[in-house]
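Participant: Sequence:
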Amino acid sequence: MNNKNQKMVSEITSMETDFAQWYTDVVKKAELVDYSGVKGCMIIRPYGYAIWENIQKDLDARFKKLGHENVYLPLFIPESLLQKEKDHVKGFAPECAWVTFGGQNELAERLCVRPTSETLFCDHFKNIIHSYRDLPKLYNQWVNVVRWEKTTRPFLRTSEFLWQEGHTMHETEEQAREETQKMLEVYRDFYADTLAIYAITGKKTEKEKFAGAEETYTIEPMMHNGIALQGGTSHYFGDGFAKAFDITYTDRENKIRYPHQTSWGLSTRVIGAIIMSHGDDNGLILPPKVAPIQTVIIPVAQHKEGVLEKANELKERLSRKFRVKLDDSDNSAGWKYSEYEMKGVPLRLEIGPKDIENNSCVLVSRLTRQKQFVSLDNVEDEVEKALRQIHDQLYERSKRNLEAKMFEAKTFEEFCDVAANNPGYIRAFWCGEAECEEKLKDATGGVKSRCIPFDAPAPKDNDVCVCCKKKAKHLVVWGRQY
RNA sequence: CUGGGUGUGGCGCAGUUGGUAGCGCGCUACCUUGGGGUGGUAGAGGCCGCACGUUCAAGUCGUGUCACUCAGACCA
1 MNNKNQKMVS
11 EITSMETDFA
21 QWYTDVVKKA
31 ELVDYSGVKG
41 CMIIRPYGYA
51 IWENIQKDLD
61 ARFKKLGHEN
71 VYLPLFIPES
81 LLQKEKDHVK
91 GFAPECAWVT
101 FGGQNELAER
111 LCVRPTSETL
121 FCDHFKNIIH
131 SYRDLPKLYN
141 QWVNVVRWEK
151 TTRPFLRTSE
161 FLWQEGHTMH
171 ETEEQAREET
181 QKMLEVYRDF
191 YADTLAIYAI
201 TGKKTEKEKF
211 AGAEETYTIE
221 PMMHNGIALQ
231 GGTSHYFGDG
241 FAKAFDITYT
251 DRENKIRYPH
261 QTSWGLSTRV
271 IGAIIMSHGD
281 DNGLILPPKV
291 APIQTVIIPV
301 AQHKEGVLEK
311 ANELKERLSR
321 KFRVKLDDSD
331 NSAGWKYSEY
341 EMKGVPLRLE
351 IGPKDIENNS
361 CVLVSRLTRQ
371 KQFVSLDNVE
381 DEVEKALRQI
391 HDQLYERSKR
401 NLEAKMFEAK
411 TFEEFCDVAA
421 NNPGYIRAFW
431 CGEAECEEKL
441 KDATGGVKSR
451 CIPFDAPAPK
461 DNDVCVCCKK
471 KAKHLVVWGR
481 QY
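The first sequence begins at 1 in my numbering and counts up by one.
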């Protein structure tokens, strides 16, 4: 009972015992989702959706600050439109859902339920881009998309999911390339500053890049168990789609040119990243900036005179700056502690007769469970300080986790050995051939290239590919993924 | 798509050689409750995943099917 690290809620399987089961337990016990009648489609419950709303609000502000505008394009893509870019259709055709009937009548052309909207945006851009004066076009949309997945898990992989997809058009290659990198940096900063998740960023190899893209950049946070989650991607398309869709503009010299294009996306999968980066055996731990409830007030001995009044007064005060909930239900205080720990509320505030007598209250961190007695006079400042500290500690812990599970391999044998015995990432040189990627994946049962990190040193003359031993072209970070 | 597991009140489970569907938690009402899931009393709640079959009789046996789940292959 006095052991602060003791597991309070027996319904949650411990991470150690079974990480996958732990994840499912947390997702359900924290009331984030429920299963629906359609395979792979999840019901996002109010508490889970509130997290998504906070994510949207934060990201949307970042996009708008950089000049992006929100739009809405249709749910359906005519098959002929999807066919226009051949790499793109090859990548997405296997997981498209098709609408073939309209009411009683079979459609002349079947309609794909959007798996992503590049083709629709291109079809629209063709109509609205004519002059360099029409560029850049910086568009974004917050929508649902459908990809008919074989194996599904809440948030991590669902047949339907919510995301934002940014689509931009630029006059020059330089501008489009800059946009691609800039938006990945927005994601990186969002992960660090808003979600308290440390991640590596870099470029995807040819084999792993988006269908139809020239280059794909990615953010790759590592989950608690050492497995990667592709946390957001930003693509540079060159003028490939523009050519396929015949989008042209007249430049400053009165010449006809193809614009250069980007797209970038981040989905509800990010909630899975939050759960698996920060959670523990007692449930969720939410980063303060997206937590639907930042501080929960638990009155102690609430039937005693003055306690609820004081608790309400505190709620009133704190609500001006924070998202606060007062739980005055007649469950016991201990029950409430466990309940809000399970739901990942980052900070708990306890207030009882003794505290009131001392003009103080107790703050308890969800992360460390440390108790802190603070004066009611400046409780707003103390709460703010505590939340900031929890954010910083979460970030540090996430960073330590990734760094502790970052290994190196010089030889094929070393690579396989690390892959088999040490869950995490592997830094290893690579020759640039897809064949070697394939070979490493087969030899390790699923370890793939995550990215060529931005901060990777250029290979020296004597650095060789971990697989074929030919001269190395890149340092690559490898790992298993969700 | 391949292979394993599971489907019984909201959740977790039991149910013997086929023979009256049970338990714990939760839920409702009332009382109780001072700092880590408080204790009590009384209640409500079931097409035993679905379909077909065997049988006097099916939660139980058979066939099929659907869903969930885990591990692979594919993907954000």
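Where hints are given, some of them may not hold.
[As the list claims (entries may be wrong)] Here are the computed lysine-lysine pairs in the DSSO-like style, where the Cα-Cα straight-line distance is at most 27 Å:
{"#": "1", "residue 1": "K371", "residue 2": "K399"}
{"#": "2", "residue 1": "K126", "residue 2": "K57"}
{"#": "3", "residue 1": "K289", "residue 2": "K399"}
{"#": "4", "residue 1": "K405", "residue 2": "K315"}
{"#": "5", "residue 1": "K90", "residue 2": "K39"}
{"#": "6", "residue 1": "K315", "residue 2": "K255"}
{"#": "7", "residue 1": "K385", "residue 2": "K354"}
{"#": "8", "residue 1": "K321", "residue 2": "K64"}
{"#": "9", "residue 1": "K65", "residue 2": "K150"}
{"#": "10", "residue 1": "K325", "residue 2": "K405"}
Honestly, the hints are just simulated from the structure, not real lab data. Owing to the predicted nature of the structure, the values given are computational and were not obtained by experimental measurement.
Participant: Please go over all the hints and tell whether each is borne out by the structure.
Facilitator: Results for each hint:
1. K371 to K399: Judged against 27 Å, a Cα distance of about 25 Å means the pair holds.
2. K126 to K57: Status violated; Cα separation ~30 Å.
3. K289 to K399: 18 Å, holds
4. K405 to K315: Answer violated: K405 to K315 is near 42 Å, above 27 Å.
5. K90 to K39: 24 Å, holds
6. K315 to K255: Since the Cα atoms of K315 and K255 sit roughly 64 Å apart, the hinted pair is violated (cutoff 27 Å).
7. K385 to K354: Distance of about 23 Å is within 27 Å: holds.
8. K321 to K64: OK: K321 and K64 at ~24 Å, within 27 Å.
9. K65 to K150: 38 Å, violated
10. K325 to K405: The hint is violated at about 37 Å.
When held up to the earlier numbered hints, the structure conflicts with 2, 4, 6, 9 and 10 and fits the remainder.
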